[in-house]
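Starting from the given sequences, assemble the full structure and let the hints guide the process.
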Amino acid sequence: KAGVTQTPRYLIKTRGQQVTLSCSPISGHRSVSWYQQTPGQGLQFLFEYFSETQRNKGNFPGRFSGRQFSNSRSEMNVSTLELGDSALYLCASSLEVSSGNTIYFGEGSWLTVV
Amino acid sequence: EDQVTQSPEALRLQEGESSSLNCSYTVSGLRGLFWYRQDPGKGPEFLFTLYSAGEEKEKERLKATLTKKESFLHITAPKPEDSATYLCAVSVYSGGGADGLTFGKGTHLIIQP
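Chains as they are written, first to last, in my numbering: chain A, 1 to 114; chain B, 115 to 227.
Please note that a few of the clues may not be correct.
[As the list claims (entries may be wrong)] Facing chain A, a subset of chain B residues (Cβ under 7 angstroms, in silico): (1) R145; (2) G157; (3) S205; (4) D213; (5) K219.
[Said to hold, decoys possible] Here are the computed distance ranges between Cβ atoms for each label pair: (6) B:S121 <-> A:Q41: 14 to 20 angstroms; (7) A:T53 <-> B:P227: 48 to 54 angstroms; (8) A:T53 <-> B:G143: 22 to 28 angstroms.
The hints are simulated quantities; they were obtained by calculation from the structure and are not laboratory data. These figures come from a predicted structure and were not determined experimentally. No residue lacks a Cβ here, since even glycine has one placed at the ideal position from N, Cα and C.
And the structure:
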């Protein structure tokens, strides 16, 4: 059974640009969550989507947004990139809403902002 | 505010030397506690989910336990391939919606041959 797939794995962007990251959840999973991982802050929750609806959002500015499609695949977008947005962006999926349920992570997308 | 604290930050052991990693939590209402393993450059790999105090789960050389205030990840006779960062996370009851997991900073474990 295929795991969570994230694309692209690595990317370099210039400050001020925008970026879109893609995530395909485990087959049958309906919830997709996004996390940001940095050496200083560790893993932090960005947002979760379930049935194409955003369930909740972490403490991140409005430049961070996402969406989920009818096939459960998800994308996240970061606009007006800042140097501090350089991080590993992780997508995770679960059968139902993540609260209290196990979530499974992909390998992540490494974003470097220069 | 929900808090998860892992200790030690780093641990170096000899192969075969058993030890325990600690995860203490302060939350309003625990729905579940999760352990993950993360290798450099990769996403976290799921290990265990614990839901109530007194619960224990085992997998190969790893055993996770849960009390009302903390969780332990016991590593018995570790091998070099157990070297990784071990992450603890909690899911809590909230007024509505899903708040996502709150993670600790992790314990960086090195097993020397």
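Interface hint for D213 of chain B, Cβ within 7 angstroms of any Cβ on chain A: holds (6 angstroms)
Cβ separation of T53 of chain A and G143 of chain B, checked against the hinted range 22 to 28 angstroms: The hinted range 22 to 28 angstroms holds for T53 of chain A and G143 of chain B, with Cβ atoms some 24 angstroms apart.
Interface hint status, R145 of chain B versus chain A (Cβ within 7 angstroms): holds (4 angstroms)
Distance restraint evaluation - S121 of chain B, Q41 of chain A, Cβ atoms, bounds 14 to 20 angstroms: For Q41 of chain A against S121 of chain B, whose Cβ atoms are near 18 angstroms apart, the range 14 to 20 angstroms holds.
Interface hint compliance - G157 of chain B to chain A, C-beta minimum distance less than 7 angstroms: Check passed: Cβ of G157 of chain B comes within 4 angstroms of chain A, closer than 7 angstroms.
Status of the K219 of chain B interface restraint (C-beta, 7 angstroms, chain A): Holds, because the Cβ-Cβ distance from K219 of chain B to chain A comes to roughly 5 angstroms (cut-off 7 angstroms).
48 to 54 angstroms as the expected CB spacing between P227 of chain B and T53 of chain A, which holds or is violated: holds (50 angstroms)
Per-residue hint verdict: S205 of chain B, partner chain A, C-beta under 7 angstroms: holds (5 angstroms)
Checked against the numbered hints above, the structure violates none of them.
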